[in-house]
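Fit chain B to the given chain A structure using the hints.
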Amino acid sequence: MSITAPEITAPSVDVLDALEAESIHILREVVAEFERPAMLFSGGKDSVVMLHLATKAFWPGVVPFPVLHVDTGHNFDEVIEFRDATVRELGLRLEVARVQDYIDDGRLTERADGTRNPLQTTPLLDAIEANRFDVLFGGGRRDEDKARAKERILSLRDEFGQWDPRNQRPELWNLYNGRHTPGQHVRAFPISNWTELDIWRYIERENIALPSLYYAHQREVFEHSGMWRAVGAFSRPGDGVPTVRRTVRYRTVGDMSCTGAVLSEADTVAKVIAEVATTTITERGATRADDRISEAAMEDRKKDGYF
Amino acid sequence: MSTTNLDIAADTAAPQLGRRGLFRFATAGSVDDGKSTLVGRLLHDAKVVLADTLETLARTSAATGFGGGDGTLDLALLTDGLRAEREQGITIDVAYRYFSTGERSFVLADCPGHVQYTRNTVTGASTADAAIVLIDARKGVLEQTRRHLGVIGLLRVPNVVIAVNKIDLIDYDAGRFADIAADVAAVAAGLGLPVPHTLPVSALVGDNVVERSARTPWYTGETLLGLLESLPTRDEAQAIAEDFRFPVQLVLRPQGALAPGLAAEEFRDYRAYAGAITEGSIAVGDAVTIASPGAPRRDTTVTAIDAAGVRLDSAAAPASVALRLADELDIARGDTIAAAGTLPDSSADLSARLCWLSPKTLHPGASVLIKHGTATVRAKVTAIEGRLDLEDFGLLPAAGLELNDIGAVALRLAGELPTEPYARHHRTGAFLVIDPQDGNTLAAGLVGDRPVTAG
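Respectively, the protein sequence lines represent chains A and B. All residue numbers for the first sequence refer to our numbering, where the first residue is 20 and numbers rise by one. All residue numbers for the second sequence refer to our numbering, where the first residue is 256 and numbers rise by one.
Isolated chain B (complex conformation):
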């Protein structure tokens, strides 16, 4: 081993922070469709794998019989992280990876496709601006493909990319690719998904991953990296400006415990509400409504927006700020500050879809905790209306929900929450279901449309 000096690669352009911000994407695939290899190929060809990692990769590739020379690297090893995963040749858990091309900085949630596929896909897709679903060109659309697309549709991931992989193994057959693309488009339309971007790739050889392939002249669209660099983020794709939503995290009232260097008299009456803007934007002077569980709505005005000593005129999602208000109101963690007149009535009844992520079965009548924004309330599962048939996304009768089931349920909350349908409000329509005993996360919850209550 040679002594490590900082090897400056003078001939390559310096990777920069993405000038167009962060782009988060998730990958989902079935077992053996080459997802790890595709991710490895993307990182390798985008030239974001550093020399010592490549060296380790070459050594390990050679040791596992992959040759290890140039072109015979086992790129899947770039993403197989844990010892147990390498030993079993599978990926166990969602892994996050980071790279930047100068155009964008990327956060990749790499979601394994085996037993816990729903759990992993839901986790990765919950924050994703785009989801990549792999299809083996030899096999076409499988049941698992439909499931992945169903989950991605349910979670409203704004961009769907279908990578038809192993295109080399069907001899770059344009007709076969067109058939698969048509099948996918039909499934996506049936699920109400946005029109997917379908492209032919070979993770093993590298076709259309970063470099355009000469072997697919019939494909004129973007490469995979090209798509990732150009698709809009969830926030960028937001066509209509969303109304301001701000769950209060905590109240900043420093009093005796002021940061060193600040003048006590200046902050004697300081009181601000700290939180992250989940939707929309706010400006000083804007009228707001405060929703507190179990209390009537109150109206006031924003007098200041503080960002650690800097006074802002306005701020927008996803900024973390502190708001000062015109009136002295009793506001606490769990309350929501919203643009005046835009928040639906709070309700103790919730109709929702649950992605059940626990090995414990959910039965009707179960007591759970619901975490929505910064509020956590007790809740009872009043009914399980059914579970989704992942073939046609119709509702099947179900006595309970099992691991990986997606079910429709009715919940009765111990406090009223200002929930909004997930279909239109990605952030205020989401909640966690938590086990009150051991504290584990049981399900991802998606608020449905308001139940129509008689009287």
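Next comes chain A alone, as it looks inside the complex:
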């Protein structure tokens, strides 16, 4: 059987242009159809790119919603400073939900392993309720994890914030259905279709500023569960574990107690892109202890109302 491909008659659209157009379309749809949107913003690269897309979507207007950060209390100082500077520059309102407050008054209990990522869910849901947000933008990408791969761009959550992967709305063409009943809310993921490499290429193209720890720097680190951990107030080596000085960078930034650094000499965007393009380890596999716990770690957290 002979195969002749149909003629290609039109020029192809650049990958980043196509992804940007799709993300801006989603941001605008959600803002047009919901009453009280907010965007999750941690200062991490995905949320920085998402916020940058929002500035483009609503130009010359200000970004028309507040940003929300669920602070584990174990964040890197430079990321918190970056977060605050960005919010100030863009003239946005920042809401912070603090895990520490919940631990201090006993509503949450510190886990034996010291990891606070799973503890973010309760403060997040409380903040949604207190602010009566009906939709939250999140910087989740489908290439991050098996559970995320099945997430819709607009994902309905019940009154307990839970995700039911077996009962998702079909998502057709570029028509998004954000209808919900009182008590329900929606998570919107405008950068669902971006990969880690797309994100970095876009950061380069748009000249987007990031917290410095995404680039190679010298840091005191120690080995823990197969990862390089920074020495810091919330992250100390166990007895007999030596600390060493290494040139490292972070592929993801989150809670210090579960985010690992990678050995890297990439101190510019171009070098990071070259590194990401040739790495043989997934982003979360390399740097997130909480996703190593089990194959279904992310799935379980998402069902409980996690981002």
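Hints in this document: simulated from the structure, not taken from any laboratory. Careful, some of the hints might be misleading.
What the hints assert, rightly or not - Within a straight-line C-alpha distance of at most 25 angstroms, the following computed DMTMM-like cross-link-like pairs (lysine to aspartate or glutamate) qualify: (1) LYS615(B) <-> ASP33(A); (2) LYS635(B) <-> GLU671(B); (3) LYS615(B) <-> GLU657(B); (4) LYS75(A) <-> GLU520(B); (5) LYS290(A) <-> GLU358(B); (6) LYS75(A) <-> ASP153(A).
Same frame as chain A, but now just chain B:
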């Protein structure tokens, strides 16, 4: 476990962003025809599976009795995402996967083939540039194959690829493959589909997935990956330039709430219409018509195309831009801006095909919401004209539509919409049917040809 360093694979070429853009494709298959294995094989042989994922795969393969050594990986595990899926050995929901070969960046919608096959296939096919349908070489064309092809044809997916899988299990029999290819071609022709690309593969062994197989010398066409890298996208295949269509998402009038750093006097009278170009292209100076539900058509001219502070001379689908117009008109979300003189009259009567995706039965007289472009209007189902017989795609009488049915219906809309037949307008001919009570998506709607109204 060793400490994670960034293992740079120096000997492999650096994967790049696809230089030829994004290509979206969907897979559809019946239960047990090896679809998960085929997708796993594609990802594995295209060398886009990273080392730690492979390590996990080898461990899990060993634990489930697959051996786990090289060559005995259970590649299906690469795509079985959720715990419930692994426990039941099935795939529940559409999963999206991403990889790039340097030639193209791919978005794969992996659509499971069990009970909710229509729902899943419709979802995946709605955005696909190509659909891959699997056929078990031992079984040939099944009823489910016809259904998948029917849905793909209905949704006008521009490229159809038929992977005749498990070719190893029929001893690479060229005659048997030719018979199946002929059967498929006949079904496709009957459904009005484009000529499918049919190829022999073995997902388990890897024949013709990424590497050309020495065991099928009688097959001279492309490998599966070769096809995916070379087939035209929906936009590329568009032979005739389409007319400009732009559903207005929102009006940008910053006034007091200007982004920091912008001069207030410069933007005092700024007013632009934000949206994504769904079809065609636009240039500054072009004449446009505005269609608003319930209002007469108005004509004006585009004076500026803004992309976040950058003024463009022209823009084309799928760009998200903001348009400024010569006249001060009352334009709102739900209106459509179109190339002057190209938009058919708006109508409150709609004849359509519905892919019914809800467990609730649709009855004649039902009240629903229709979402078309950026407009949402109330509608009544005035008649159910029948449901498609998926054997021959003729119309059977039906009192209602059930989950997975494809039906022909007549709708009466509360407002007039500028709908166009889906067969010719993939984007402006599509709509959602939404439950006004719980807000769930009930159906995928495809606009049919205009009903001929007497008088």
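Verification of the hints:
| no. | hint | result |
| --- | --- | --- |
| 1 | LYS615(B) <-> ASP33(A) | violated (42 angstroms) |
| 2 | LYS635(B) <-> GLU671(B) | holds (13 angstroms) |
| 3 | LYS615(B) <-> GLU657(B) | holds (7 angstroms) |
| 4 | LYS75(A) <-> GLU520(B) | holds (20 angstroms) |
| 5 | LYS290(A) <-> GLU358(B) | holds (22 angstroms) |
| 6 | LYS75(A) <-> ASP153(A) | holds (22 angstroms) |
The structure fails to meet hint 1 from the earlier list, while all remaining hints are met.
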